[in-house]
Amino acid sequence: MRLIARYAKELEKAFEIITVYEGEMQREQVDKESPIIKTLAKQHPSAIWFERKMHDDFGIIIEDTFDKRPLVHQERFPKDTHPLIKDFQDKTLKEAAYLPYKYEEISGDGVFQVAVGPIHAGIIEPGHFQFSQAGEEMLHLEVRHFYKNRGIEKMLEGKTLMDAKPVIERISGNESIAYQLCWRDIVLQASRQELPLSLQKRHAFLLELERVIHHLTDLGFIPNDAGFGAALAYASKLAEDARRLMQTLTHHRFGFGGITFENTDIDLVPMQKWIGKMQENVLDFETWIMDIPSLWDRFDTTGTLSFKKAVKYDTVGVVARASGIAMDRRATLFYLEHGFVMAHETGGDVAARFKLRLAEVKNSLAMMSNFLEEDDTQMEIHTLQDGEYMSFCESSIGELFMAVDIKEGLIERFVVRDPSFVNWQALHIMMQKDIIADFPLINKSCDLSYAGNDL
Amino acid sequence: MIQFWNKRIKLGILTENPEHDEAFKLIQKEIKERVKKKFAGSLAIRMVDSGSCNACEAECNALSNPYYDLERLGIYFVASPRHADVMLLSGLMTFNMTPHVFDAYRQMPEPKWIITLGECPAMKSPFENSFAINAPAEDHLPITHHIPGCPPEPKEIIEGLLAFLRKI
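From first to last, the protein sequence lines are chains A and B. Residues in the first sequence are numbered consecutively from 1, following UniProt numbering. Residues in the second sequence are numbered consecutively from 1, following UniProt numbering.
No lab work stands behind these hints, which were simulated from the structure alone. Even for Gly, the Cβ is constructed at its ideal location relative to N, Cα and C. Be careful, since some hints might not be right.
[Unchecked claim] Footprint (simulated), chain A over chain B, 3 or more residues, beta carbon under 8 Å:
#	segment
1	42-52
2	69-80
[Said to hold, decoys possible] Pairwise CB distance ranges, derived in the manner of DEER restraints:
#	chain 1	residue 1	chain 2	residue 2	range
3	A	Pro78	B	Gln107	24 to 30 Å
4	A	Gln43	B	Asp103	53 to 59 Å
5	A	Ile106	B	Ile9	50 to 56 Å
Working from the sequences, and respecting the hints, build out all of it.
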């Protein structure tokens, strides 16, 4: 049973721990005076971050866990401060005395540590990677994040769902449409309304366009990290073309504010022409790139995640599908009717993730063509009713999960689990047979979000 | 491979906005005397993300795609603050990133400047001040210039950089 998320919320006298599995949900209550729970990490290694976060957020103690280090709170974070507790209302924090973080390290004759980050050499988001090296070979890697933690869960409490939207669409710039779709589904659940088919199509079109942009960017950056810059020039041109289309359709290059309950007419002919041209360009890119042996020499067998490990670590999205797990939130009747074909690879290496992205771009373009429709439906949203709501969306990285509790019309608890949150935890097992020079390549082939992970 | 070269020749040069070349030539001439020693004819930027949504970074990456090709103007992104004239700061200055931003700034050789990029470091994005956010950046660091936008488009970033060069 796949673990999707594990999080806590504060009730009047207790904390409620919610564990969401594929097709099942478990609730457990613990007393606020002695909030002690047992770890799930023995069955699900990906529970570790969820549980460490729960301790930082609420002070819940995970009794039998082997990793009691803070996760979100870093060296200078004040001790015994749990910001998600309702009583915590401070707007600023005072830096506490520096308490060093103890990294997981392998020691031994000739083994040395390489610390990378949080600020990296390229134009990338901040995060820390701690390598234990035997010469060039990576023995171990610890991924440490949450430098970008903006306190979004707390920030959204007490707002209405409508007021929360500008923040939700800016949680992770690369996945903005996906975040907005999760928000949309929660709005619809709360207003007890169904989305007209034409709006469903428009939103699905934008989600696939976002996927095309993100995948094309990666299809350029992955070869670039193997020293093949020409691919970046080619693919970044295509990504820019797609981003400009996003601007035409949503008046924003990243689609911020793009998901609304109003449809606007699209000129079908130029749009179909655009899709046809892009399909042609992607095919040209594919024929060219598949024929460069020195590139595939770097891609094949690099950063392998076996099917068994991919299951064990509850991975999702591109990473999971490249390791042979057939899982995609788009596997629904609606998508299947519009030409969805689940891409999947079995290699689990950089090559598999690269080929999977290519296949998905082609499928997304084909679906976009099927989603096109001339329509100007508008929809009025009724009053939102209180309750607990959950939604899922397949972002360009993988399955996105959002849960919102609404009480008296306002957000009581906001939870979001970016696909990156689980996939980051599987990164270190991908690189145990590789050299450190392969790390950027492996990292880019997964292309996980830091902002969505850190919240 | 032959297909690729055929296509390459057919496509030609895609770079847009040649007016930037002209503007830059003018500015270069204008400020040549003052920055000759400081910049040696080119401007090195260290991008630091202090807690953004990654859209500003994506737009900075887009600056090197064939349409914008920023490096033709002699402006380029460097891998270390020690190589940089300018820090391009995006994001909300999160509590966790603040000490690292200071660190990067300390490592930059004098003379140095900071340009803030996007609404976040100016605290104008829809995010609200919370315990985890230290923005606006100007409360903590000397900011010379601000490039607004959420995120600013690549063209706006280039124009913002030119505006900065006019300022100093």
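Okay, the hints, checked on the actual structure:
no.: 1; hint: 42-52; verdict: holds (count 6)
no.: 2; hint: 69-80; verdict: holds (count 3)
no.: 3; hint: A:Pro78 with B:Gln107: 24 to 30 Å; verdict: holds, 27 Å
no.: 4; hint: A:Gln43 with B:Asp103: 53 to 59 Å; verdict: violated, 40 Å
no.: 5; hint: A:Ile106 with B:Ile9: 50 to 56 Å; verdict: holds, 52 Å
Going through the hint list in order, the structure does not satisfy hint 4, though it satisfies all others.
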